[in-house]
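Chains A and B supply the protein sequences, listed in that same order. Under the working numbering, read the first sequence as residues 25 to 484, first letter to last. Under the working numbering, read the second sequence as residues -19 to 268, first letter to last.
Keep in mind that the hints were calculated from the coordinates and are not lab data. Here the structure is a predicted model, which is why all the values come from computation and not from measurement. Here a beta-carbon is modelled for each residue, glycine too, at the ideal position from N, C-alpha and C. One or more hints might be untrue.
Said to hold, decoys possible - Derived list of chain B stretches under chain A, where covered just means 3 residues or more per stretch with a C-beta under 8 angstroms from a C-beta of chain A:
| # | stretch |
| --- | --- |
| 1 | 68 to 75 |
| 2 | 94 to 104 |
| 3 | 118 to 131 |
| 4 | 145 to 153 |
| 5 | 164 to 177 |
| 6 | 227 to 235 |
To be verified - Simulated restraints on C-beta separations:
| # | chain 1 | residue 1 | chain 2 | residue 2 | range |
| --- | --- | --- | --- | --- | --- |
| 7 | B | Asp22 | A | Ala368 | 50 to 60 angstroms |
| 8 | A | Met127 | B | Arg192 | 21 to 31 angstroms |
| 9 | A | Arg169 | B | Glu86 | 52 to 62 angstroms |
| 10 | B | Glu86 | A | Glu345 | 40 to 50 angstroms |
| 11 | B | Ile156 | A | Asp58 | 16 to 26 angstroms |
| 12 | B | Gln139 | A | Gly79 | 52 to 62 angstroms |
| 13 | B | Arg105 | A | Ser299 | 18 to 28 angstroms |
| 14 | B | Asp22 | A | Ala71 | 54 to 64 angstroms |
| 15 | B | Ala240 | A | Gly347 | 54 to 64 angstroms |
| 16 | A | Val410 | B | Arg137 | 54 to 64 angstroms |
| 17 | B | Asp185 | A | Gly79 | 41 to 51 angstroms |
| 18 | B | Glu(-7) | A | Gly288 | 53 to 63 angstroms |
| 19 | A | Met127 | B | Ser198 | 26 to 36 angstroms |
| 20 | B | Arg137 | A | Ser299 | 52 to 62 angstroms |
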Amino acid sequence: MRPETREGYFGEYGGRFLPETLMAPVLELARAYDKARRQRGFRKRLADLLGSYAGRPTPLYFAERLTKEAGGARIYLKREDLLHTGAHKINNAIGQALLAQSMGKERVIAETGAGQHGVATATAAALLGLRCSVYMGEEDMDRQRLNVHRMRLLGAEVVGVDSGSRTLKDAINEALRDWVTNVENTHYVLGSVLGPDPYPRMVRDFHRVIGDEARLQLKKATGRLWPDLAVACVGGGSNALGLFTAFLGDSRVRLIGVEAGGSGSALGQHAARFSGGSVGVLHGTRTRVLQDATGQIAPTHSVSAGLDYPAIGPEHVWLRETGRVEYTSATDVEAIAAFHQLAATEGILPALESAHALAEAVVHAGRMSPKMVVLVNLSGRGDKDVESVLAWDRAHRRGDSEPPPGPVHHGDPASGPVGTVARSLRRKAREVERRRLDQPLPHGASLPSPEVEENGEEPS
Amino acid sequence: MSAFRRRPKAPAELSHIGRVFARCREEGRAAFIPYITAGDPDLETTARLIPALAQGGADLVELGVPFSDPIADGPVNQRAAARALASGTSLAAILGMVATVRTEVETPIVLFTYFNPIHAVGIERFAEQAAASGVDGVLCVDLPPEEAEREYVPAMRAQGVDTTFLLAPTSGKERIRRVEEASSGFVYYVSRTGVTGARTTLPADLLKQIRRTRRKLSLPLAVGFGIRTPEQVAELGKVADGVVVGSALVRMVEEASPGADLAGILTAEVRRLSGPLRPSPESGEASR
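Okay, chain B solo, but in the shape it has when bound:
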């Protein structure tokens, strides 16, 4: 059954995100997806870092929207959110920044956010603003399909913004179907039960879990949470359509000394992390 369900959709229906995953598949590799928190330490910095991530070989960029009570995040991303909020970062300001960056970067941008900032703006208004600013997709971490099906998914679809939902090791067959129905662009697999944050080891049966889950999906499956080394990226790149590295990069932003070339540091780190995914070590720019 899986052979049929893995059939990619016709290119005409594909969104910007879908096209990037399709291209990566043609190249026989997984997409590399770095995450940083928007506004950490301020939005001017983020506007410089997004092109830097793209230059390093990011296929998609995941942009965290800071929230005061980030229940799915570990300490590194919590501190990043606190720094971003302290510098006055709001969802509206992030969208404004994305609109500016869009003119120089083609890489798809996916917002990783909690639901309340969207709720405060209003779902329809947010969908319009997100589309207008050039956001390609939104992953709302505390909005499961059950709560999203009535209003959020239709509003985002109407604006052509992809909606990514999470799957976790605890998700059963029934939920996998429901998550895929609500998702477009790609589905995000949480590598382990727990919060975001880099860890030294990945769960033993993770590869098997991802393979099993991926077989049940027709959308691309990206995996994230706790990934930090090129070796882990390489290993997961064999079974997933995309690999997300977050906290490890956020920590570099946190630890960079003032005046350091943060953009250069992140470009190099993304190049290092995504290296194993590229066809040969010398063709790093091919992904752009």
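Okay, chain A solo, but in the shape it has when bound:
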């Protein structure tokens, strides 16, 4: 499948919607990237750093106790959380920092939501001797304090953004304003498959190593090169495309992206662009956006800062239109429950972002045959979220069914964390069942034997 139909587009989505001042630098970036990705020297330098510095390949881990608890398909976790800096973001940050260096830029800037991309960029900048400024919404600085300290320790300047919703969207606005002012010496390290071309395809390419590795690792672990289902969370959607790209051409693999369902279905309570959004133009790209009828961008909510963003990467919109990837959402409650579940069964604290993917994967696995394989991208680790989860748990132990402040249901048997989670999981299970009936797995319920299917699948 070749999604780039016209330059910089995936079907009708993508493009370069920018003020004139940024057009020349973006075109220059596209040229530089197209040159670099063909250069053996660049690719080797990147691969070397990803191996010896960032810690690739990351392990593929069979989550046996989680599998048992889910009661169905075998669940494998792609452990991006074990990478240096604690999330997949470093793949892209090192790639773009190398590119910036090759373009002669002495300064990089970045936006960050959860702080992971900011930390990764600050790290890559320190590694390559570049100056670094990171823009972060002040609400996100509150809920991701640890990462703010980390960035500063790494020598980056962290600039708080108090405009708009004080989250990721506003951090991108401010980073773009910086870039438009300092284009001469600055490269903007955009952190997801968003923004103007070449960012969506460049960031995807830097992350596709995730799925490429997982494929070979699955072969070793299970005897075949494909999972029956691969699941990843989708904010902008970089870790999802990183995982999915290797499997897009393999119709045996069902692919599901999980958006942030937040605390409710009204505009402003979630970041589910497919259920609540419409096509619009934001931050340089034409894609699905959460907006009002007059084209003003809507506020969003998610318990995870990294998914709290009103637009989705344009390639995802195209992948959904072609029917290749399905998209769903997990609520705050489901994500928190999945966070606890993975901690308790496997001794792994997942990032709240990745917990959205886990919530979806566990419900699916429970309905699939034990012979089948579910692959989940564990895109980051949860150390940064410990405070948020503690605050959430404290609020809910008091009996609130919403994050603080929220209504209290004393004496209601369905209240409290257990009741809320159970109710939410029942809802999710019903929804999954409905979708299963609507759309059977592409390869049916029974698995062909791996030996037969594997013919010609050996990678070169």
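Once you've looked at the hints, dock chain B against the given chain A.
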């Protein structure tokens, strides 16, 4: 080569905006173009301010359409957009206001907007509505010619609405040609790499850059971003066909105390800023 390319188009082909620039050229001066944000603090105020700007000597009026995520704007215009959105300003309401103001003001009105509000209405529908309401031109700040050529430019041309595109210090020769092809009415030169907002000094080589760019264009070239004093207006008026002052006026709207005669204040300020462009200090009304 430049002597031929500077030849003005025959008057018959000229739009309202084109005629104003042609007249200014005949008078041997640059056009003065004030900018305010529509709906700041509400649309009733804007409807009073547009005639006030015209009275002060505005040759064109640039009207900002508020957007929630104005990536090309500095803090002053960001706050103005936030105030406008808080008072419920939408693109549709702005067009309605323009239609009303049109009956009393002849000065051409150019919308300065981001693309998403237009996209939400639909490009063709917007073009029809803009023409019907009496908008003379549209400058869409995050829509470069590449993304505009297929649908936006033809739709606006079909309705007789001028399309202004930006040139920046980063624009090379190739882009200058492309921007002019997509533009009608005038081309807008961004004085520096950066966001909107008043600054004390202009880039050292700005005049040279404008001269060089203007030579390559047959359309009038207006310059904006960061201009705030009559001296700057005078200096730029020598090399450009138009000078835009934005944030400095928006700040006056912001800082006006409640009950102040905002219209009077802006009329006086436009008169002060555009003074150096007028043939003699006493003939301020000549431009109307």
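Verdict on chain A covering the stretch 227 to 235 of chain B, criterion of 3 CB contacts below 8 angstroms: Contact hint for the stretch 227 to 235 of chain B vs chain A: violated, 0 residues under 8 angstroms.
Range hint compliance [Cβ, Asp22/B to Ala368/A, 50 to 60 angstroms]: With Cβ atoms ~55 angstroms apart, the hint holds.
Annotated coverage of the stretch 118 to 131 of chain B by chain A, confirmed only when three residues or more have a Cβ within 8 angstroms: As far as the stretch 118 to 131 of chain B goes, the hint holds, because 6 residues have Cβ atoms under 8 angstroms from chain A.
Distance restraint evaluation - Asp22/B, Ala71/A, Cβ atoms, bounds 54 to 64 angstroms: 58 angstroms, holds
8 angstroms C-beta test of the stretch 94 to 104 of chain B against chain A, three or more residues: Per the Cβ count (7), the hint holds.
Cβ distance range 21 to 31 angstroms for Met127/A and Arg192/B, holds or violated: Once the Cβ atoms are compared, 26 angstroms apart, the range 21 to 31 angstroms for Arg192/B and Met127/A holds.
Range hint 18 to 28 angstroms (beta carbons of Arg105/B and Ser299/A) holds or violated: 26 angstroms, holds
Supplied distance hint 54 to 64 angstroms, evaluated on CB atoms of Ala240/B and Gly347/A: For Ala240/B and Gly347/A the Cβ distance comes to about 60 angstroms; the hint holds.
Arg137/B paired with Ser299/A, Cβ distance criterion 52 to 62 angstroms: 38 angstroms, violated
Cβ separation of Arg169/A and Glu86/B, checked against the hinted range 52 to 62 angstroms: 57 angstroms, holds
Whether the CB-CB distance between Val410/A and Arg137/B falls inside 54 to 64 angstroms: The hint (54 to 64 angstroms, Cβ to Cβ) holds, given that Val410/A and Arg137/B are roughly 58 angstroms apart.
Verdict on chain A covering the stretch 68 to 75 of chain B, criterion of 3 CB contacts below 8 angstroms: holds (count 3)
Hint check: violations occur at hints 6, 20; the rest are consistent with the structure.
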